[in-house]
Amino acid sequence: MKGAVDMTFITKDVRFSGFKPESALTPTELGNAITGGQPLGGVTAPAGVNGLLGQLTGSIPMLSKTQVPVQMEVVWSVQDENGNQLADDQWDISKGAPADASSTPQVKGTDIAIAFRPEVAELTTTNPVPAPVRRQLVATVTLKALGKSSDPVALPAVPVLIPTLLIPKLIAAFRHGEFQPKAGDDDGFVFLMVPGASPLRSVDQLKATLATVRDTLTTLKSFADLAAFLLRLDSLVSGITASPYFAFAAEDGVPVLNDTTVIQNDLLTNDIELEDEISSMIFIGPPGKTVHWFCEDDFSTENGDFSLKVGPQLFTVIRDLGGAVPVSDPVGTPPLVTVHHSPSGGSDTFNDFLSSVRFE
Numbered sequence: 003m004k005g006a007v008d009m010t011f012i013t014k015d016v017r018f019s020g021f022k023p024e025s026a027l028t029p030t031e032l033g034n035a036i037t038g039g040q041p042l043g044g045v046t047a048p049a050g051v052n053g054l055l056g057q058l059t060g061s062i063p064m065l066s067k068t069q070v071p072v073q074m075e076v077v078w079s080v081q082d083e084n085g086n087q088l089a090d091d092q093w094d095i096s097k098g099a100p101a102d103a104s105s106t107p108q109v110k111g112t113d114i115a116i117a118f119r120p121e122v123a124e125l126t127t128t129n130p131v132p133a134p135v136r137r138q139l140v141a142t143v144t145l146k147a148l149g150k151s152s153d154p155v156a157l158p159a160v161p162v163l164i165p166t167l168l169i170p171k172l173i174a175a176f177r178h179g180e181f182q183p184k185a186g187d188d189d190g191f192v193f194l195m196v197p198g199a200s201p202l203r204s205v206d207q208l209k210a211t212l213a214t215v216r217d218t219l220t221t222l223k224s225f226a227d228l229a230a231f232l233l234r235l236d237s238l239v240s241g242i243t244a245s246p247y248f249a250f251a252a253e254d255g256v257p258v259l260n261d262t263t264v265i266q267n268d269l270l271t272n273d274i275e276l277e278d279e280i281s282s283m284i285f286i287g288p289p290g291k292t293v294h295w296f297c298e299d300d301f302s303t304e305n306g307d308f309s310l311k312v313g314p315q316l317f318t319v320i321r322d323l324g325g326a327v328p329v330s331d332p333v334g335t336p337p338l339v340t341v342h343h344s345p346s347g348g349s350d351t352f353n354d355f356l357s358s359v360r361f362e
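The C-terminal residue of the sequence shown carries number 362 in the numbering used here, and the numbering is unbroken.
Derived by calculation from the structure, the hints in this document are not laboratory data.
Hints may contain errors.
To be verified - For each label pair, taking beta carbons as the anchor points, the in silico distance ranges come out as:
no. : residue 1 : residue 2 : range
1   : 210       : 179       : 24 to 30 Å
2   : 157       : 332       : 39 to 45 Å
3   : 268       : 243       : 25 to 31 Å
4   : 214       : 354       : 31 to 37 Å
5   : 213       : 254       : 24 to 30 Å
6   : 157       : 341       : 55 to 61 Å
7   : 327       : 269       : 39 to 45 Å
8   : 229       : 154       : 32 to 38 Å
9   : 269       : 233       : 39 to 45 Å
10  : 327       : 268       : 49 to 55 Å
11  : 233       : 121       : 19 to 25 Å
Said to hold, decoys possible - Calculated pairs, EDC-like style, for lysine to aspartate or glutamate (alpha carbon to alpha carbon, straight line, at most 20 Å):
no. : residue 1 : residue 2
12  : 110       : 124
13  : 184       : 273
14  : 184       : 278
15  : 209       : 273
16  : 184       : 322
17  : 184       : 354
18  : 146       : 75
19  : 110       : 94
20  : 223       : 94
21  : 110       : 82
22  : 184       : 236
23  : 223       : 90
24  : 97        : 75
25  : 146       : 113
All of these numbers come straight from a predicted model, not from anything done at the bench.
For every residue, glycine included, the Cβ atom is placed at its ideal position computed from N, Cα and C.
Please put together the full structure from these sequences, using the hints given.
Right, here's the structure in full:
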């Protein structure tokens, strides 16, 4: 910075008693060191060393305090446990902005939130709980000020452990279509079946587990398939809650549905068993799980049977069993409903015509 300097320099002809330079220009020390002035002439010069006494005064301007705004730019990359870029469908930005400086999907910001898609596994007692999946975030920091930028610096990776989402394999079969609790004057029911290896042993335990799964899914609604599963889970919970009657089984299969009475009536009215009363169903579980329905007892295919598979969306719904081939939601590619033998022996649909069921 430029600045004016004001200096005053005064000299005086003096003599010093010593020849060494003075270490400090303090008046008291100089007074003792000076022996007297130079005579005008004709007089013997006094002893000492001829010299000058000087004084320099002035001011030097100092650099004033200046505030320079510094911008910190942070770009995050999302990686798997091996340091490779994580696939786009495995994570989503909940808070922050996509970074557009690279073809690789990244997140920009100093305050971000990222949702990770969890692995899904069946809730069971036979297999250990899968270990959390490791992901990692790597921040690259660049400082910018006065139109200049520092070199980007990559910071150490931040590990993130993603727990596995455990969901029960569950078939919920309803007496009426569209999971309705009542049709005309007829009360509805819901039949809930989980495998024998499931830790669930009651409807209350099932409801608590579904509530836990639902709470987890509410934080993952940015994934379209998980958001759809959440909606179907709400339909399932609503159907269970609204149903006036229910039956629960923790079995790999029920060979005779007629052995399970759901609605007990008076002596003049027949009781309602599970057999030949099911019209809609919701099936949830990890992808690929299958439940097989039969129109005869003991898993016989004589009068027809079909299987229902869980697709990638973690659920499959049949709103109405009418028709020779039940229509599923989602439809699935390949289809999630497979009719192995068309219904026969008194019915051309599977509606109100099921007698046994098993998981496969």
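Practice problem: Below or equal to 20 Å on CA atoms is what counts here, so check residue 146 against residue 113. | Solution: 18 Å, holds
Quiz item: Taking 20 Å as the top limit, are the C-alpha atoms of residue 184 and residue 354 close enough?
Solution: 15 Å, holds
Quiz item: Do the Cβ positions of residue 233 and residue 121 conform to the proposed distance bound of 19 to 25 Å?
Solution: Holds, since residue 233 and residue 121 (Cβ atoms, about 21 Å apart) stay within the stated range.
Quiz item: Straight-line Cα separation of residue 223 and residue 94 no greater than 20 Å?
Solution: 10 Å, holds
Quiz item: Has the given pair, residue 184 with residue 278, been kept, meaning a C-alpha gap of at most 20 Å?
Solution: 17 Å, holds
Quiz item: Holds or violated: are the alpha carbons of residue 97 and residue 75 at most 20 Å from each other?
Solution: Since the Cα atoms of residue 97 and residue 75 sit roughly 16 Å apart, the hinted pair holds (cutoff 20 Å).
Exercise. Assess, step by step, whether the Cα of residue 209 is no farther than 20 Å from the Cα of residue 273, and give holds or violated.
Key: 27 Å, violated
Practice problem: Would you mind confirming whether the straight-line C-alpha gap from residue 110 to residue 124 stays at or under 20 Å? | Solution: The hint is violated at about 36 Å.
Quiz item: Regarding residue 327 and residue 269, is the given constraint of 39 to 45 Å on their beta-carbon distance met?
Solution: Distance hint for residue 327, residue 269 holds at roughly 40 Å.
Exercise. Verify the proposed pairing of residue 146 with residue 75, using a straight-line Cα cut of 20 Å.
Key: 8 Å, holds
Self-check item: Hint check for residue 341 and residue 157 - Cβ pair distance inside 55 to 61 Å
Solution: 57 Å, holds
Practice problem: Would you check the hint for residue 110 and residue 94, treating anything up to 20 Å between C-alpha atoms as holding? | Solution: 13 Å, holds
Hint check: violations occur at hints 10, 12, 15; the rest are consistent with the structure.
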